[in-house]
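Chemist: Protein sequences, first through last, are from chains C and S.
Residue numbering for the first sequence follows the numbering used here, starting at 1 and increasing by one per position.
Residue numbering for the second sequence follows the numbering used here, starting at 1 and increasing by one per position.
Honestly, the hints are just simulated from the structure, not real lab data.
Ideal Cβ positions, reconstructed from N, Cα and C, are used throughout, including at glycine.
Among the hints, erroneous ones may be present.
[Said to hold, decoys possible] Okay, the calculated beta carbon distance ranges per label pair:
#, chain 1, residue 1, chain 2, residue 2, range
1, C, Leu45, S, Pro196, 36 to 42 Å
2, S, Thr128, C, Pro42, 19 to 25 Å
3, S, Arg181, C, Pro196, 44 to 50 Å
4, C, Pro42, S, Asp185, 24 to 30 Å
5, C, Arg135, S, Gln125, 23 to 29 Å
6, S, Thr61, C, Asp172, 31 to 37 Å
7, C, Ala142, S, Ala118, 46 to 52 Å
8, C, Leu180, S, Val123, 36 to 42 Å
9, S, Val123, C, Asp185, 40 to 46 Å
10, C, Met132, S, Arg81, 36 to 42 Å
11, S, Gly194, C, Asp172, 32 to 38 Å
Number of protein chains: 2
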Amino acid sequence: MIQLHEVALSGNCHKVRMLLAILGLPYKSVAVDLASGDHQTPAYLALNPFGQVPVLVDGHTVIRDSQAILVYVASRYGGERWWPQDPAYLARISGWLSTAANEIAAGPNKLRLHHKWARPIDVSQVETLTSMTLRVIDDTLAQTRWLAGSEASIADLAVYPYLALSPEGKIDIGSYANILRWLGDVRCLDGYIGMPGMHV
Amino acid sequence: MIQLHEVALSGNCHKVRMLLAILGLPYKSVAVDLASGDHQTPAYLALNPFGQVPVLVDGHTVIRDSQAILVYVASRYGGERWWPQDPAYLARISGWLSTAANEIAAGPNKLRLHHKWARPIDVSQVETLTSMTLRVIDDTLAQTRWLAGSEASIADLAVYPYLALSPEGKIDIGSYANILRWLGDVRCLDGYIGMPGMHV
Numbered sequence: 001m002i003q004l005h006e007v008a009l010s011g012n013c014h015k016v017r018m019l020l021a022i023l024g025l026p027y028k029s030v031a032v033d034l035a036s037g038d039h040q041t042p043a044y045l046a047l048n049p050f051g052q053v054p055v056l057v058d059g060h061t062v063i064r065d066s067q068a069i070l071v072y073v074a075s076r077y078g079g080e081r082w083w084p085q086d087p088a089y090l091a092r093i094s095g096w097l098s099t100a101a102n103e104i105a106a107g108p109n110k111l112r113l114h115h116k117w118a119r120p121i122d123v124s125q126v127e128t129l130t131s132m133t134l135r136v137i138d139d140t141l142a143q144t145r146w147l148a149g150s151e152a153s154i155a156d157l158a159v160y161p162y163l164a165l166s167p168e169g170k171i172d173i174g175s176y177a178n179i180l181r182w183l184g185d186v187r188c189l190d191g192y193i194g195m196p197g198m199h200v
Numbered sequence: 001m002i003q004l005h006e007v008a009l010s011g012n013c014h015k016v017r018m019l020l021a022i023l024g025l026p027y028k029s030v031a032v033d034l035a036s037g038d039h040q041t042p043a044y045l046a047l048n049p050f051g052q053v054p055v056l057v058d059g060h061t062v063i064r065d066s067q068a069i070l071v072y073v074a075s076r077y078g079g080e081r082w083w084p085q086d087p088a089y090l091a092r093i094s095g096w097l098s099t100a101a102n103e104i105a106a107g108p109n110k111l112r113l114h115h116k117w118a119r120p121i122d123v124s125q126v127e128t129l130t131s132m133t134l135r136v137i138d139d140t141l142a143q144t145r146w147l148a149g150s151e152a153s154i155a156d157l158a159v160y161p162y163l164a165l166s167p168e169g170k171i172d173i174g175s176y177a178n179i180l181r182w183l184g185d186v187r188c189l190d191g192y193i194g195m196p197g198m199h200v
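One chain only, chain C, in its complex shape:
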């Protein structure tokens, strides 16, 4: 059975949980206790030398990085619906996976780490990046229902958690009407599951 090494309150882990739930794939959750340093043990670093969560183990296959796990699960278990073959569509999805790994990680995710767990950051610089990123996402969602086009994709799942968690980062998303509409659409996906502490 698939094992997911994860932290309950991690948005990166929630991306994967959502896809597994949507596809109806059973898995065993293995809790990683960051406070105890579980992620820095030799056994964990052998799974992911970056010491990050989540890690997915499927038989002999070990995949690190939340975006990579979405690609793995979608391409192995999701069929054409979740892993399209069209290069332009794949690339639009990949562009949003990069945004999740870059701007979302360096923006909304960092603001949450700061306001929820006192991680030191340059608040002004991170807020500026966050506003720019939310503006682009809102403008995108004014033109298409989902981030990469007319269908939900792993792009939406990769971007969703830290936007849904934005109140914990003291981010006011109330003025982004298209993002608010899209957050609701994600929550209506068949199989969607929420996360403890998710307020919107």
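Knowing the structure of chain C, use the given hints to seat chain S on it.
Modeler: Same frame as chain C, but now just chain S:
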């Protein structure tokens, strides 16, 4: 013909140039002058609302983000050799695309922006992230010839430029023997092209 909107000294643009050259795909380079604000014009923002380079235009297809462009070019023009179908291999590649978008962008890339163009950063914090990232990459390349396995992939092209440019970020990569070996291997790929100002 493919058009690549690019900046000569951008490592993100160089990723794409390398793959186009390796695949022997002709393209027209469209220079984006950041100093003149070309990347903030309405016409450019219509191509990429993030205002970043590169952007690739192929007929009616417009792709933003260097990792996404690698996915597009590899999956459309690279065949199984450059766009494998195996989910585990695809996911290993995707993990490194995330690393390029996250740790490499926030580490070696930022140090270069700081030391070459005086971009203000938290030097100590960025150097720590850079050292951690280089250590993981070096350890990976101690186990496999290429980042995602026994063959070169777009993972290597995505990670290469800002490691090759590390002297411009005052990063001493001399102690990372496996990275040095791998930089040489990338430069020996059929079709490899260098970049102005690339020292290693």
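Chemist: Does each hint hold? Answer for all of them.
Modeler: These are the hints, each one checked on the structure:
1. Taking the beta carbon of each, C/Leu45 and S/Pro196 are about 38 Å apart, inside 36 to 42 Å as hinted.
2. Against the hinted window of 19 to 25 Å, the Cβ-Cβ separation of S/Thr128 and C/Pro42 comes to about 21 Å, which satisfies the hint.
3. Take S/Arg181 and C/Pro196: their Cβ atoms lie about 46 Å apart, and the range 44 to 50 Å holds.
4. Separated by about 29 Å at the C-beta atoms, C/Pro42 and S/Asp185 satisfy the suggested range of 24 to 30 Å.
5. Our hint of 23 to 29 Å for C/Arg135 and S/Gln125 holds, since their Cβ atoms are close to 26 Å apart.
6. Taking 31 to 37 Å as the suggested C-beta distance range, the pair S/Thr61 and C/Asp172 conforms, at roughly 35 Å.
7. Between C/Ala142 and S/Ala118 the Cβ separation comes to about 36 Å, which falls outside the hinted range of 46 to 52 Å.
8. One distance hint, 36 to 42 Å for the beta-carbon pair C/Leu180 and S/Val123, holds here, with the actual separation near 39 Å.
9. The supplied range of 40 to 46 Å is met by S/Val123 and C/Asp185, whose beta-carbon atoms lie about 42 Å from each other.
10. Distance hint for C/Met132 and S/Arg81: a CB-CB separation of about 37 Å, consistent with the stated range 36 to 42 Å.
11. Between S/Gly194 and C/Asp172 the Cβ separation comes to about 47 Å, which falls outside the hinted range of 32 to 38 Å.
In the structure shown, a violation is registered for the earlier hints numbered 7 and 11, in ascending order.
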